[in-house]
Amino acid sequence: MISAERKPFEEIKSSIGRYKKILIVGCGTCVAECAAGGEKEVALLATQLRIDAARRRRKIEVKEMTLDRQCVYEFIDQLTPVAEQYEVILSLGCGAGVQAVAEVLPRTHIIPALNTTTIAETREAGVWLEDCRGCGDCKLDYFADICPITRCAKGLFNGPCGGSKDGRCEADPDSPCAWQLILDRLSATGRTESIDEVYPPANWSKMQGKGPRKIIREDQRA
Amino acid sequence: MEGKNSRDYTAIFFCRQIDPDENTNRRALEKQLGRAIRFFPLPCSGRIEALHFLMAVETGAEKVYLVTCPEGSCRYSQGNVRAGKRLEYARGLLREIGLSAECLEITRAPGSLPLSIDTIARGLLGLPRKVK
Chain A
1 MISAERKPFE EIKSSIGRYK KILIVGCGTC VAECAAGGEK EVALLATQLR IDAARRRRKI
61 EVKEMTLDRQ CVYEFIDQLT PVAEQYEVIL SLGCGAGVQA VAEVLPRTHI IPALNTTTIA
121 ETREAGVWLE DCRGCGDCKL DYFADICPIT RCAKGLFNGP CGGSKDGRCE ADPDSPCAWQ
181 LILDRLSATG RTESIDEVYP PANWSKMQGK GPRKIIREDQ RA
Chain B
223 MEGKNSRDYT AIFFCRQIDP DENTNRRALE KQLGRAIRFF PLPCSGRIEA LHFLMAVETG
283 AEKVYLVTCP EGSCRYSQGN VRAGKRLEYA RGLLREIGLS AECLEITRAP GSLPLSIDTI
343 ARGLLGLPRK VK
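Respectively, the protein sequence lines represent chains A and B. Letter 18 of the first sequence, counting from 1, is numbered 18 in this note's numbering, and no numbers are missing. Counting from 1 along the second sequence, just add 222 to a position and that's the residue number in this note's numbering.
One should not assume that every hint holds.
[To be verified] Okay, derived cross-link-like pairs now, DSBU-like style, lysine-lysine, Cα gap no bigger than 30 Å in a straight line:
#1 A:Lys13 x B:Lys307
#2 A:Lys63 x B:Lys285
#3 A:Lys63 x B:Lys352
#4 A:Lys13 x A:Lys40
#5 A:Lys59 x B:Lys285
#6 B:Lys352 x B:Lys285
#7 A:Lys154 x A:Lys210
#8 A:Lys206 x B:Lys307
#9 A:Lys59 x A:Lys40
#10 B:Lys352 x A:Lys40
#11 A:Lys206 x B:Lys285
#12 A:Lys13 x B:Lys285
#13 A:Lys7 x B:Lys352
#14 A:Lys20 x A:Lys7
#15 A:Lys20 x B:Lys352
[Said to hold, decoys possible] Footprint (simulated), chain A over chain B, 3 or more residues, beta carbon under 8 Å:
#16 253-267
#17 316-329
[Unchecked claim] Example chain A residues on the side facing chain B (calculated, C-beta under 7 Å, incomplete):
#18 Ala43
#19 Gln48
#20 Arg50
#21 Asp52
#22 Val72
#23 Phe75
#24 Val82
#25 Ser205
Because the hints were derived from the structure by calculation, they are not lab data. All figures in this text were calculated on a predicted structure; none of them were measured in a lab. Ideal placement from N, C-alpha and C gives every residue a C-beta, glycine not left out.
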């Protein structure tokens with residue numbers, strides 16, 4: 001899922017500025033899973049804003065809504081009849097959600113309340129680990145389902161750097177050495193011979209350098 | 223104990239396992255203190271959420287206590303441990319908006335269960351014990 005973290009409260013408050021009628025919109029999918037922008041987090045932020053406003057003797061009106069997904073127009077449409085009653089929308093969606101809402105409501109000020117980070121897995125309760133950087137040219141099968149772009153700090157495609165110690169990365173000792181993981185998994189799945197393969201550099205043009213990427217499926221279009 | 227206005231109160235969240243007769247035992251204090259105290263029984267202290275703490279503060283709680291089962295006594299194993307982490311997270315959220323985190327306090331029920339929530343609450347509030 002896409003992972004994100006909530007922005008610091010002071011930054012959010014500064015973005016809101018003098019607005020008094022605020023609609024906070026969460027998303028029930030990725031950012032709910034990583035406890036950043038779901039219904040609970042919307043309620044928490046709303047409560048913080050109200051307490052802060054009360055302390056400063058400032059009257060504000062805060063409404064809370066959470067969409068199933070903030071990146072799908074059919075869900076965003078639920079905001080249309082509500083949004084005009086508010087001066088600003090504070091979005092707890094990922095970057096895609098914020099921009100999708102802005103696309104549907106072009107005359108509404110949409111403020112992002114999250115910093116979107118990466119594509120992650122829930123490794124355990126409360127721990128979200130980056131697994132994918134969306135390179136657009138997945139070679140996980142070559143590397144025993146361990147992504148060297150994401151999980152090797154040096155992004156090496158052809159074996160370890162030699163700097164790891166006790167299976168931990170030289171650049172980030174908190175992380176396991178990705179190539180140790182690759183080797184362990186190749187061994188566990190009976191594919192150690194593939195370690196002799198030499199892989200060319202990634203085709204980075206599939207990831208960057210051409211503006212926003214787009215996928216079109218005519219069979220899926222209306 | 224009575225607040226300057228009807229919104230100032232003390233909130234006590236607690237695990238029901240501490241006092242199976244809590245529904246009866248908290249009535250005396252509720253009658254004595256009126257709106258100045260509110261009890262919130264939980265199926266386990268680990269079910270507390272940061273939102274509960276913040277909403278208590280928003281609705282006027284000057285002090286919020288979370289009473290957990292003694293160490294090793296949680297019937298769900300780690301509920302009372304998780305409760306502490308949730309409280310710390312809520313403290314961080316209060317600090318973010320410039321409030322003192324000390325208004326949230328966690329305490330373990332002393333001794334072996336069951337214990338009267340009335341006795342625990344009176345201890346927290348510094349009130350004399352109920353005369354039987």
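Could you work out which earlier hints the structure fails to respect and list their numbers in ascending sequence? Violated hints: 3, 8, 10, 11, 13, 15, 16, 22, 23, 24 and 25; rest satisfied.
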